[in-house]
Amino acid sequence: MSEKLETYLDEIRDYLASSKEKQEIIAEIKSHIMEKTEQEFGEITEGTLEQIIAIYGSPRQVAEKYMDDYQIIAPTFKGYLLRYTAVLFAVHFTLTIVALIFKIRMLVLPFFYIPKMDNFQALFYFPMIFIYDLGLVGIILYYVTQSRKDVRLPWPKLKLNWQKISKSRQAKSKIIPLILMLMGYSALVWIY
Amino acid sequence: MAIDISPFATEMNRGFLQVLVLVLLEKNMYGYAMVKQLEEKGYTLEENTLYPLLRRLEKKGLIKGKWDVSKDRPRKFYVITKDGRTVRSQLLAIWRQQNDILNHLMEETQNV
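Chains as they are written, first to last, in our numbering: chain A, 752 to 943; chain B, 10 to 121.
Check the hints yourself; a few may be wrong.
Stated by the list, open to error - Derived DSSO-like pairs: lysine-lysine, alpha-carbon spacing no greater than 30 angstroms straight-line:
no.	chain 1	residue 1	chain 2	residue 2
1	A	816	A	781
2	B	91	B	69
3	B	50	B	75
4	B	69	B	85
5	A	755	A	816
6	A	773	B	69
7	A	854	A	867
8	B	80	A	771
9	B	50	B	68
10	A	771	A	781
11	A	867	B	91
12	A	755	B	85
13	B	73	B	85
14	B	45	A	781
15	A	781	B	85
16	B	45	A	755
17	B	85	A	773
18	A	781	B	80
19	B	50	B	85
20	B	80	B	45
21	A	829	A	908
22	A	781	B	36
23	A	816	B	75
24	A	829	B	68
25	A	829	B	45
26	B	85	B	36
27	A	816	A	900
28	A	829	B	69
29	B	69	A	755
30	A	781	B	69
31	B	80	A	773
32	A	771	B	85
33	B	50	A	771
34	B	36	A	755
35	A	816	B	69
36	B	75	A	781
These are computed hints drawn from the structure, not numbers from a lab.
No experiment lies behind these values; they were computed from the predicted model shown.
One chain only, chain B, in its complex shape (with noise of 0.2 angstroms):
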């Protein structure tokens, strides 16, 4: 029987979300143009999923968001934070270091 891995991508992928949003956000960008602009590289995520994390980040004053109302429709754009972007670089240094730890045990793993 085949095993789902959903639950493990979705859980791996919670973190990977939110460094990815943060990348991202170096220019002012709204919700659905991220998902779009995410679809294009190749990476799909549910919108539901988006912007909760979206509304985290903003509370914790990672990102901040404005509503555009210029238009006929209100729509809200975000951007990074200068906190925002201390927190993009440590992240992406630990990410780096966990990168460099999987490929050293794969290595090593290989040469048993």
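Isolated chain A, as found in the complex (with noise of 0.2 angstroms):
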């Protein structure tokens, strides 16, 4: 095979993500590649392939085409992304300052281990929970998006009418255990 068409197949099947499919796609543009040139130009040779190859497109663009219904994470999971990752990241950044304060380490099963450090190295340690959280959060939406079921996402409504939240039992009643529930957590990490 044309020492150029070889390249071009390699960076290809590197941009392509699924590997399943991968042998079968790029057969398909070899064969294609080859039957253009030879219909254009009525021989094969490393100069009418590379004349093809320069009109068929980038290998990132050749791949990107073959991966339009592929999402690593769907579209309407993205706001969540960023939303979750704050909250994680604000737990972890509030555990990490507690164990700073007492300076304890904390191991909080099954994601979260704060060594014990002082406050300089907390400070090269904050990025790294942000870049952690943010990884975390990712990789939970990319195996629901590729669950491929129709979950809905949980996220606090925040539009609150605290008149009536004040007087309304029915939501006395479900935030007063939220806060208890808070408080016991935030016990057995103590304790912990």
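From these two lone chains plus the hints, build me the complex, please.
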């Protein structure tokens, strides 16, 4: 096979995410390029192949056309990526501050481990936990997207009418257990 | 300044090309022959648009692809399936209905 064509196909292969179909797609593209070259020029040489490759499109563009329907995170979930990361980071940040103040290490299963560190080390630790939290949320949203299930992700509606809430028994019955649960959770972390 | 209509045309052509392919593949054809036949009818398209479309239609079971390895170079031939014919007739019905709606609207607008 031509060296130019081989390099071109290798580049497309690198861009294609779906490993199952990679081989078949590459075989198809190769067949199309060879066919076109022969039909347009009457012979397949390095030079004629190069001309066809030039008009076929850049490897990235070609690969993208095959991945039109492939999404890492569904567009409807993208808004949740930053929201959930912000919440997770807030929790992670607070726990790190607690660990710093009391000079302890913390393990909150299954995701957080906060080592014992000084303030200087914490300066480097905070950006790292943000990236960690972003990655963790990204992975979860990736699996939710790939499951192709019609999942409705939870997020509290913050259009609250505090006057109504203060009068509503139903709302109180929801908020009080939530506060108690948070307090209990904090106590557990503290005890550990 | 002239407006570049190519993004709008691409968007519009996406569905149309799907129907064209399903109509064209009533008989066994390979990719390059399809491009040439469409060009003869005045429809120009980029091959790197057609081939991913063929793959998507094949994955959905609307067309069937088969490699012919009898010649010195393998070629992939495609043909419409039973499901493809069902989808095609429904798509054509939608297309005709849309055409009628557009024509009626155009007539109404001209009469205003």
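Results of checking the hints against the structure:
1. A:816 x A:781: The hint holds at about 16 angstroms.
2. B:91 x B:69: 12 angstroms, holds
3. B:50 x B:75: 26 angstroms, holds
4. B:69 x B:85: Holds, at roughly 17 angstroms.
5. A:755 x A:816: 21 angstroms, holds
6. A:773 x B:69: 18 angstroms, holds
7. A:854 x A:867: 6 angstroms, holds
8. B:80 x A:771: 27 angstroms, holds
9. B:50 x B:68: 27 angstroms, holds
10. A:771 x A:781: 17 angstroms, holds
11. A:867 x B:91: 66 angstroms, violated
12. A:755 x B:85: 22 angstroms, holds
13. B:73 x B:85: It holds: about 10 angstroms lies between the C-alpha atoms, which stays within 30 angstroms.
14. B:45 x A:781: The given pair, whose Cα atoms are some 18 angstroms apart, holds under the 30 angstroms limit.
15. A:781 x B:85: 11 angstroms, holds
16. B:45 x A:755: Within the cut-off at roughly 25 angstroms; holds.
17. B:85 x A:773: Distance ~16 angstroms between residue 85 (chain B) and residue 773 (chain A) Cα, so the pair holds.
18. A:781 x B:80: Roughly 15 angstroms between the alpha carbons, so the hint for residue 781 (chain A) and residue 80 (chain B) holds.
19. B:50 x B:85: 23 angstroms, holds
20. B:80 x B:45: 20 angstroms, holds
21. A:829 x A:908: Judged against 30 angstroms, a Cα distance of about 18 angstroms means the pair holds.
22. A:781 x B:36: Roughly 23 angstroms between the alpha carbons, so the hint for residue 781 (chain A) and residue 36 (chain B) holds.
23. A:816 x B:75: Roughly 21 angstroms between the alpha carbons, so the hint for residue 816 (chain A) and residue 75 (chain B) holds.
24. A:829 x B:68: With Cα atoms ~27 angstroms apart, residue 829 (chain A) and residue 68 (chain B) stay inside 30 angstroms; holds.
25. A:829 x B:45: At roughly 41 angstroms apart (the allowed maximum being 30 angstroms), residue 45 (chain B) and residue 829 (chain A) break the hint.
26. B:85 x B:36: 14 angstroms, holds
27. A:816 x A:900: The given pair, whose Cα atoms are some 24 angstroms apart, holds under the 30 angstroms limit.
28. A:829 x B:69: 27 angstroms, holds
29. B:69 x A:755: Status violated; Cα separation ~33 angstroms.
30. A:781 x B:69: Within the cut-off at roughly 23 angstroms; holds.
31. B:80 x A:773: Roughly 24 angstroms separates the two Cα atoms, so the pair holds.
32. A:771 x B:85: Judged against 30 angstroms, a Cα distance of about 18 angstroms means the pair holds.
33. B:50 x A:771: 36 angstroms, violated
34. B:36 x A:755: At roughly 34 angstroms apart (the allowed maximum being 30 angstroms), residue 755 (chain A) and residue 36 (chain B) break the hint.
35. A:816 x B:69: 17 angstroms, holds
36. B:75 x A:781: 15 angstroms, holds
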